[in-house]
Amino acid sequence: MPMRKVMKGNEAAAWAAKLAKPKVVAAFPITPSTLVPEKISEFVANGEMDAEFIKVESEHSAISACVGASAAGVRAFTATASQGLALMHEILFIAAGMRLPIVMAIGNRSLSAPINIWNDWQDTISERDTGWIQFYAENNQEALDLILIAFKVAEDERVLLPAMVGFDAFILTHTVEPVEIPDQEVVDEFLGEYVPKHAYLDPARPITQGALGFPAHYMEARYKVWEAMENAREVIKEVFDEFEKKFGRRYHMIEEYKTEDAEIILLTMGSLAGTLKDFVDKKREEGVKIGAAKMTVYRPFPIEEIKALAKKAKVLAILEKDVSFGVGGAVFADASRALVNEKEKPILLDFILGLGGRDVTFEQLEEGVEISKKALEGEKVEEVNWIGLRKEIL
Amino acid sequence: MAESPFKADIERVQKEYSEKMTPGAIVYIPGSSVVNKTGGWRVFMPQFNKDKCIRCFMCYTLCPEPAIYLDEENYPVFDYDYCKGCGICANECPTKAIEMVRESK
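So the protein sequences, as listed, match chains A and B.
If you're matching positions, the first sequence starts at 2 in the numbering used here and goes up one per residue.
If you're matching positions, the second sequence starts at 2 in the numbering used here and goes up one per residue.
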């Protein structure tokens with residue numbers, strides 16, 4: 002029987018790692034993710050987890066050790082956030098290019114400067130072009146589930162790409178919630194052992210990994226990563242189905258809430274989706290035709306799902322905790338790409354909010370709805386809006 | 002003229018080698034870098050003067066490629082398929098038996 006425990010998001014991630022039985026965990030502590038490797042090292046020290054726990058001197062080394070482990074043919078796991086993830090940056094491309102299905106838990110945190118330890122998505126969003134699959138969890142249960150799902154998707158032969166699972170700093174990493182821990186046997190059935198055909202160390206079969214790629218071959222190697230990421234769309238859906246059958250919880254590329262007759266749809270990721278659903282309930286009571294949507298998978302970007310969602314709305318507003326300076330929010334830019342050639346499309350708006358741990362309140366969401374209503378009535382509004390900005394101190 | 006000591010390797014690799022892109026661009030054939038004839042990178046080409054050579058093996062020992070092997074009489078043979086023209090051999094030759102000349106077509 003699955004066990005229910007009250008735990009922090011970080012502990013849920015550590016439990017997911019324990020259940021997935023990686024052979025190597027290499028990690029370096031960083032707020033707010035420190036508890037993930039801390040808990041794993043406890044599991045290993047207590048003999049509850051049969052993994053090599055490598056203590057390294059930086060995040061650059063942590064991910065490098067995972068690359069080495071995965072290239073040698075075993076399941077590898079790590080966790081980090083913010084500056085730590087930024088320090089991993091160059092190796093993230095290498096992990097994807099070498100097609101190593103490493104899984105990483107991220108306690109989504111802002112980037113310096115100013116130095117700030119609280120939640121936004123700038124860390125993972127900034128790694129969107131590395132070739133890593135990206136999932137975002139709404140709650141601690143999702144953090145656990147999505148890590149298991151991430152391993153299954155990443156290791157699929159049609160994919161073979163690394164994957165990261167983001168869950169919001171402090172809002173999830175340090176908040177306790179009841180979490181269902183699945184049975185080990187069922188997880189074993191679901192994941193199986195990682196037995197790679199493409200990359201493993203065997204003296205009887207010498208191979209070269211990470212070799213130089215001349216201009217005559219580099220593009221094809223990169224195209225293979227593109228193809229793998231495209232394949233991931235189908236594989237993720239299959240794995241979501243299988244996960245539901247095994248564990249009873251359903252995941253979607255984009256999960257919709259009260260969108261059927263909605264004029265305004267607010268799309269977001271991560272824990273903000275919880276707030277948003279409550280907000281939608283309140284606005285519905287007031288008679289506003291509004292719905293919410295939660296994007297669980299950010300890479301590969303759910304293009305078809307965005308198109309389908311857009312058909313339901315007159316205004317589609319993206320609520321995101323990240324910014325690409327000189328453009329707008331990254332999710333907004335990607336959603337624009339999804340809709341650019343659609344004949345009929347809603348007005349697309351971007352609400353940048355909650356940066357560096359600023360609480361996203363109903364008042365801020367009201368601000369967003371007011372802008373959306375104006376757009377709905379044909380008034381010209383800014384496409385990119387900073388919501389909850391303290392204009393009085395600017 | 003003596004044969005390259007890598008001849009068998011080159012033949013083996015050429016038989017097995019495929020350009021087909023693998024996941025992760027992994028190379029599954031050991032020694033297959035011989036298919037990349039790096040001699041094309043060369044700007045200066047070592048020119049050998051047998052009369053000056055004292056067969057000290059300095060060039061043969063120090064060639065980083067290695068693109069120099071020895072013939073039956075222990076004279077150096079330059080493998081222009083792989084010689085990148087670095088000039089170490091010419092620089093180290095104690096009798097100036099190797100001269101680097103600009104290669105032009």
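FYI, nobody ran anything at the bench for these hints, they're computed from the structure.
Keep in mind that this is a model prediction, so the values were computed, not measured.
Glycine included, every Cβ here is placed at the ideal spot set by N, Cα and C.
Fair warning: there could be bad hints in the mix.
Straight-line distance between alpha carbons at most 35 Å, and here's what the computed DSBU-like set of lysine-lysine pairs gives [to be verified]:
(1) B:K21 <-> A:K238
(2) A:K198 <-> B:K16
(3) B:K51 <-> B:K8
(4) A:K198 <-> B:K51
(5) A:K283 <-> A:K392
(6) A:K225 <-> B:K53
(7) A:K283 <-> A:K225
(8) A:K6 <-> A:K246
(9) A:K374 <-> A:K312
(10) A:K198 <-> B:K53
(11) A:K225 <-> B:K85
(12) A:K198 <-> A:K24
(13) B:K8 <-> A:K225
(14) A:K225 <-> A:K259
(15) A:K283 <-> A:K246
(16) A:K313 <-> A:K375
(17) A:K247 <-> A:K308
(18) A:K246 <-> A:K198
(19) A:K374 <-> A:K278
(20) A:K375 <-> A:K24
(21) A:K198 <-> A:K259
(22) A:K198 <-> A:K283
(23) A:K374 <-> A:K313
(24) B:K8 <-> B:K85
(25) A:K278 <-> A:K198
(26) B:K16 <-> B:K53
(27) B:K21 <-> A:K198
(28) A:K259 <-> A:K290
(29) B:K38 <-> B:K21
(30) B:K21 <-> A:K24
(31) B:K21 <-> A:K225
(32) B:K21 <-> A:K22
(33) B:K51 <-> B:K97
(34) B:K97 <-> B:K16
(35) A:K225 <-> B:K51
(36) A:K225 <-> A:K198
Listed next, the stretches of chain A that the computed footprint assigns to chain B, with coverage defined by at least 3 CB atoms under 8 Å from CB atoms of chain B [said to hold, decoys possible]:
(37) 201 to 212
(38) 215 to 223
Here is how each hint holds up against the structure:
{"no.": "1", "hint": "B:K21 <-> A:K238", "verdict": "holds, 29 Å"}
{"no.": "2", "hint": "A:K198 <-> B:K16", "verdict": "holds, 23 Å"}
{"no.": "3", "hint": "B:K51 <-> B:K8", "verdict": "holds, 24 Å"}
{"no.": "4", "hint": "A:K198 <-> B:K51", "verdict": "violated, 52 Å"}
{"no.": "5", "hint": "A:K283 <-> A:K392", "verdict": "holds, 27 Å"}
{"no.": "6", "hint": "A:K225 <-> B:K53", "verdict": "violated, 54 Å"}
{"no.": "7", "hint": "A:K283 <-> A:K225", "verdict": "violated, 47 Å"}
{"no.": "8", "hint": "A:K6 <-> A:K246", "verdict": "holds, 22 Å"}
{"no.": "9", "hint": "A:K374 <-> A:K312", "verdict": "holds, 18 Å"}
{"no.": "10", "hint": "A:K198 <-> B:K53", "verdict": "violated, 55 Å"}
{"no.": "11", "hint": "A:K225 <-> B:K85", "verdict": "holds, 31 Å"}
{"no.": "12", "hint": "A:K198 <-> A:K24", "verdict": "holds, 17 Å"}
{"no.": "13", "hint": "B:K8 <-> A:K225", "verdict": "holds, 33 Å"}
{"no.": "14", "hint": "A:K225 <-> A:K259", "verdict": "violated, 38 Å"}
{"no.": "15", "hint": "A:K283 <-> A:K246", "verdict": "holds, 33 Å"}
{"no.": "16", "hint": "A:K313 <-> A:K375", "verdict": "holds, 18 Å"}
{"no.": "17", "hint": "A:K247 <-> A:K308", "verdict": "holds, 30 Å"}
{"no.": "18", "hint": "A:K246 <-> A:K198", "verdict": "holds, 27 Å"}
{"no.": "19", "hint": "A:K374 <-> A:K278", "verdict": "holds, 18 Å"}
{"no.": "20", "hint": "A:K375 <-> A:K24", "verdict": "violated, 55 Å"}
{"no.": "21", "hint": "A:K198 <-> A:K259", "verdict": "violated, 44 Å"}
{"no.": "22", "hint": "A:K198 <-> A:K283", "verdict": "violated, 52 Å"}
{"no.": "23", "hint": "A:K374 <-> A:K313", "verdict": "holds, 16 Å"}
{"no.": "24", "hint": "B:K8 <-> B:K85", "verdict": "holds, 19 Å"}
{"no.": "25", "hint": "A:K278 <-> A:K198", "verdict": "violated, 44 Å"}
{"no.": "26", "hint": "B:K16 <-> B:K53", "verdict": "violated, 40 Å"}
{"no.": "27", "hint": "B:K21 <-> A:K198", "verdict": "holds, 17 Å"}
{"no.": "28", "hint": "A:K259 <-> A:K290", "verdict": "holds, 9 Å"}
{"no.": "29", "hint": "B:K38 <-> B:K21", "verdict": "holds, 18 Å"}
{"no.": "30", "hint": "B:K21 <-> A:K24", "verdict": "holds, 31 Å"}
{"no.": "31", "hint": "B:K21 <-> A:K225", "verdict": "holds, 11 Å"}
{"no.": "32", "hint": "B:K21 <-> A:K22", "verdict": "holds, 34 Å"}
{"no.": "33", "hint": "B:K51 <-> B:K97", "verdict": "holds, 11 Å"}
{"no.": "34", "hint": "B:K97 <-> B:K16", "verdict": "violated, 40 Å"}
{"no.": "35", "hint": "A:K225 <-> B:K51", "verdict": "violated, 51 Å"}
{"no.": "36", "hint": "A:K225 <-> A:K198", "verdict": "holds, 16 Å"}
{"no.": "37", "hint": "201 to 212", "verdict": "holds (count 6)"}
{"no.": "38", "hint": "215 to 223", "verdict": "holds (count 4)"}
Hint check: violations occur at hints 4, 6, 7, 10, 14, 20, 21, 22, 25, 26, 34 and 35; the rest are consistent with the structure.
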